[in-house]
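Q: Assemble the dimeric complex from its two separately framed chains, guided by the hints.
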Amino acid sequence: MINAISTLTSTEILNLSTRAIIGASISLVLLFVITSLFRKNVQLQRLLFIIVLAVILFATTVLFTTALIHIQDIFANLTNSGLMKL
Amino acid sequence: MSDISLLTLIVVSGILLSLNPFSIAVFSALLAGALGKGHPKSVFHTIAMSYLISYAALLTFFGMALVGIFSLLPYTFLLSLSLAISVISIFWGIVTIANFFWYGTFDDVPKSIYNVLHKYSVKKNSPGSAAYLGLIAASSSFVSNTIMILSFVTIVSLLKTGSPSWMLLLAIILIIPLIIILISCLNGTKISTILKWKEDSKAIMRLSSGLTYILIGWIILLILNGTIGSIL
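Order-wise, the sequence lines are chains A and U.
Position 14, counted from 1, in the first sequence is what my numbering calls 14; the numbers after and before it change by one each time, with no gaps.
Position 150, counted from 1, in the second sequence is what my numbering calls 150; the numbers after and before it change by one each time, with no gaps.
Looking at chain U on its own, in the form it has when it is part of the complex (with noise of 0.2 Å):
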């Protein structure tokens, strides 16, 4: 597979993975939250960039941290590992499609977080608490969170270009969406119109999610068994 190839790959499955409702309903509290309490628009700005910066730095930390620990272990040990996180990928993207069909039964984000979600987004709104917010909504989709960048890890480590700039890069496209809501909320969009369209699509975002999930689970199968790239 040529840098090409995965250049794509992690454009393209970061694009479907990014539609997550859980972070889209969270910034568009925070923006909300902002526009509430009538901050001057260098703070809107602000705030708003504290957060995507402080939820990209996590995802992009978590990213690197795990290339250099996947870097330094012996290759017939991240083989088998390798083959685990397939299946762990794949099953993630089946529970995630099951949310396409019923919504809402297998949540991962723990109904305990949604309190300090509301005081963080709507109540103490600030460009520090928005940053703190980020830290919270990067880490209250733990699961997901992490088996997407373990998934993504895995290839780049499997394909022996396990260079942490794909993380940042991973990181940069799944806040892509959020970015396009802060602009058009800047241009006059409603935020109850963004909320109609989260509401609206939620099941589809689910359904994208799950089958990404399981598209990068066959594909680290497929380097796996000699199809893609070339092992040893």
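Okay, chain A solo, but in the shape it has when bound (with noise of 0.2 Å):
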């Protein structure tokens, strides 16, 4: 995934969080009007924890993914441009 993503332009590293939040959060309130339609349902409320759990966990990975080799680029420029040793 890494690999995938750091070959990513900026604007499409946009893009990619742009979707993550909106799809993670149209998601998660789906997610939560089931749940507070069947709050009496334990399975059924274990199950619904698992795929709030998974959506996310799969949002903060494509976000804590981009946000890494965004910040390697930074630190790779600073240490080019000499300013890493200010």
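Simulated from the structure, these hints should not be mistaken for laboratory data.
Glycine residues also receive a C-beta, built at the ideal position from the N, C-alpha and C atoms.
Please note that the accuracy of each hint is not assured.
What the hints assert, rightly or not - Calculated lysine-lysine pairs in the DSSO-like style (CA-CA distance at most 30 Å, straight line):
| id | chain 1 | residue 1 | chain 2 | residue 2 |
| --- | --- | --- | --- | --- |
| 1 | A | K40 | U | K37 |
| 2 | U | K196 | U | K124 |
| 3 | U | K123 | A | K40 |
| 4 | U | K111 | U | K123 |
| 5 | U | K124 | U | K198 |
| 6 | U | K160 | U | K41 |
| 7 | A | K40 | U | K111 |
| 8 | U | K160 | U | K111 |
| 9 | U | K123 | U | K37 |
| 10 | A | K40 | U | K119 |
| 11 | U | K198 | U | K111 |
| 12 | U | K37 | U | K160 |
To be verified - If we take Cβ atoms under 10 Å as the criterion, some of the chain A residues that face chain U in the derived model are:
| id | residue |
| --- | --- |
| 13 | T18 |
| 14 | L30 |
| 15 | T35 |
| 16 | R46 |
A: This is how it looks when you write it as structure tokens:
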């Protein structure tokens, strides 16, 4: 995943992040609507929590990876320009 | 991210995070204790304001100190630290959401503090004890308060608008529900009604807090990956 994302341009990272956030937000809203409808079903609550967890972790992984790559680029630029020594 | 967007983020997130069942319960107990003792109105007001001011002052002082510390950090270290804080914020959001599904499973307030809270809210009901209670209440939910303030300080530091006044604003927003409770109590609303409302909606409060922690964590990551604001 890191290799795939590292080839993206900044515009593509922006689009990917936006899609991840919008997708995750819509999924979470739908999941919590379903959760509130079936509040007394314990088995379903467990399943819904796992799905909520998966959605959150997926979006977080995408954002974290893109952030990590962006930070590495910044560090590389700083090292190349000699600013890291300051 | 402009100052208006940051203001909106702090106000909206602050309101969602301020709906904390623990702080509402402690403040309601303090008000119930003050009403039970039959204090004159001026003493009742002083007790409530002592609690609110000390609660907000501790959070403001902590936030301002962190803003100061973060402004001294090297920029490269700040970026790495922000990455870690965003992950911690998201993790805490998931823990808080788990509280929505199974309430009380992951409580960050130690059980040993309840006797101390009862002593200073009901038994010793005076302006001095109320101020001390505010400090205890703000520090009891140490984990959630620390993660919340750390996340906001990180956003403020990353956007290079490191003004400590944002932390004062956040602290004021965090006590807004308590001020509303105080006003409604003065207007004749019973404490039992407030506590019933708190009991009925405590799971929803945890859900909104949890989602806010996750949102803040995502916003930090969006700043770090260059989608929001500009880094270098």
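Q: Determine for every hint whether it applies to the structure shown.
A: Cross-check of the supplied hints:
1. For the hint pairing K40 of chain A with K37 of chain U, the CA-to-CA distance comes to about 41 Å; that exceeds 30 Å, so the pair is violated.
2. Proximity of K196 of chain U to K124 of chain U is assessed by CA-CA distance (about 24 Å); at most 30 Å being required, the pair is judged to hold.
3. With a C-alpha separation of about 39 Å, the suggested pair K123 of chain U and K40 of chain A falls outside the 30 Å cut-off, and the hint is violated.
4. Under the criterion of a C-alpha separation no larger than 30 Å, the hint pairing K111 of chain U with K123 of chain U is consistent with the structure, at around 18 Å.
5. Only pairs whose Cα atoms come within 30 Å are accepted, and K124 of chain U paired with K198 of chain U is accepted, the gap being roughly 24 Å.
6. Only pairs whose Cα atoms come within 30 Å are accepted, and K160 of chain U paired with K41 of chain U is rejected, the gap being roughly 45 Å.
7. The hinted pair formed by K40 of chain A and K111 of chain U meets the criterion: a straight-line CA distance of about 28 Å does not exceed 30 Å.
8. With a CA separation close to 39 Å, the supplied pair K160 of chain U and K111 of chain U exceeds the 30 Å bound.
9. Distance hint between K123 of chain U and K37 of chain U is fulfilled; the C-alpha atoms sit about 9 Å from each other, no more than 30 Å.
10. A distance of roughly 37 Å separates the Cα atoms of K40 of chain A and K119 of chain U; the hinted pair therefore is violated under the 30 Å criterion.
11. Annotation: proposed proximity of K198 of chain U to K111 of chain U holds, straight-line Cα distance about 19 Å (limit 30 Å).
12. For the hint linking K37 of chain U to K160 of chain U, the alpha-carbon distance of about 49 Å lies beyond 30 Å, and the restraint is violated.
13. Given the 10 Å rule on beta carbons, the hint for T18 of chain A holds: about 7 Å separates it from the nearest Cβ of chain U.
14. Restraint check, L30 of chain A versus chain U: the minimum CB separation of about 13 Å is more than 10 Å; hint violated.
15. A distance limit of 10 Å between C-beta atoms decides the matter here; for T35 of chain A the minimum to chain U is near 8 Å, and the interface restraint holds.
16. Checking R46 of chain A against chain U: minimum C-beta separation of about 8 Å stays under 10 Å; hint holds.
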